[in-house]
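*Asks:* Sequence:
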Amino acid sequence: MPHPLVTSEMIRTFQHDGVVLVPGLFAGQVEMLRQGVAANMAAPGPYASENRKAGETGRFFDDYCNWQRIPEFAEAVAQSPVAEVAADLMGSNSVQMFHDHVLVKEPGTSMATPWHQDGPYYFVEGRQTVSFWSPLDPVEEATLRCVAGSHLWPKEVLPTRWVSEEGFFPDEGRYMPVPDPEAEGMRIVEFPMQPGDAVAFNFRVLHGARGNTSAARRRAFSLRLLGDDARYVERPGRTSPPFPGHGMVPGQRLRADWFPLIWPRA
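Just so we're aligned: 79 in the UniProt record's numbering is position 79 of the sequence shown, and the numbers increase by one with no gaps anywhere.
Careful: at least some of the hints might be erroneous.
Said to hold, decoys possible - Label pairs and their in silico Cβ distance ranges:
id, residue 1, residue 2, range
1, Gly108, Ile188, 31 to 37 Å
2, Ala78, Glu184, 38 to 44 Å
3, Ala48, Gly108, 17 to 23 Å
These aren't lab readings, by the way, just hints derived from the structure by calculation. Bear in mind that the values here come from a model prediction, so they are computed numbers and not experimental data. Quick reminder that beta carbons are idealized off the backbone N, C-alpha and C, glycines included.
Could you put the whole structure together from the sequences, leaning on the hints where they help?
*Replies:* Listed below in structure tokens is the structure:
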């Protein structure tokens with residue numbers, strides 16, 4: 001039986017659309033995650049970014065791969081049902097940690113999160129992948145927006161650098177250009193959300209978010225998890241996150257000492 005937060009219809013939706021809302025996934029960990037975000041912003045890690053294009057207003061901060069040094073992040077994952085919910089949605093017998101990601105848009109931040117797929121930035125591929133995006137403040141306009149079914153596209157979208165908009169890798173025909181989902185009439189799924197709700201989406205789902213033009217902060221905690229079939233793959237350049245010195249080879253499951261197993265199904 002799936003976890004009480006998950007229904008059979010949610011599993012079908014996740015498999016078909018690549019995205020589904022999981023209300024209250026981190027409901028018991030909201031304050032803990034807020035404290036973790038505050039600690040992260042006070043002491044950013046080596047991958048932290050201040051995303052601002054010329055002429056943009058506000059502050060758009062993001063950072064990732066901090067769960068091992070910020071105890072609130074690791075504790076929130078351990079206390080919440082996120083690993084079991086991930087296993088249910090992916091149809092996986094196991095769940096492996098990949099990394100965390102914090103994204104904060106302060107009031108009056110005009111810059112949008114560009115449309116992108118997470119998967120092409122990563123050195124991992126597989127059908128069984130899931131990201132959870134959970135706001136720590138109520139969101140309406142600045143919520144996550146996902147293109148339903150984009151995880152099934154035959155080609156991945158070219159990863160780009162958010163500020164410069166340059167290609168992250170050389171494009172040798174392997175990738176498709178970043179589309180304009182609104183202009184092309186794609187089905188965009190988005191949800192008004194309360195703190196602790198979470199959007200679950202496949203690594204290959206095209207997604208983005210508007211700027212935060214409200215008078216309130218928009219803090220979000222993301223968690224990226226892997227299932228049974230996820231394997232290391234080489235990309236045509238440095239991946240994000242890079243995890244230097246990992247020593248893995250193509251086709252290998254990610255090393256468990258760096259990416260621990262957090263859900264073995266009994």
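*Asks:* Taking the hints in turn, state whether each one holds.
*Replies:* Hints, one by one, checked against the model:
Roughly 24 Å separates the CB atoms of Gly108 and Ile188, a value that falls outside the hinted 31 to 37 Å. Checking the proposed 38 to 44 Å range against Ala78 and Glu184 shows it holds: the Cβ atoms sit about 41 Å from each other. One distance hint, 17 to 23 Å for the beta-carbon pair Ala48 and Gly108, holds here, with the actual separation near 21 Å.
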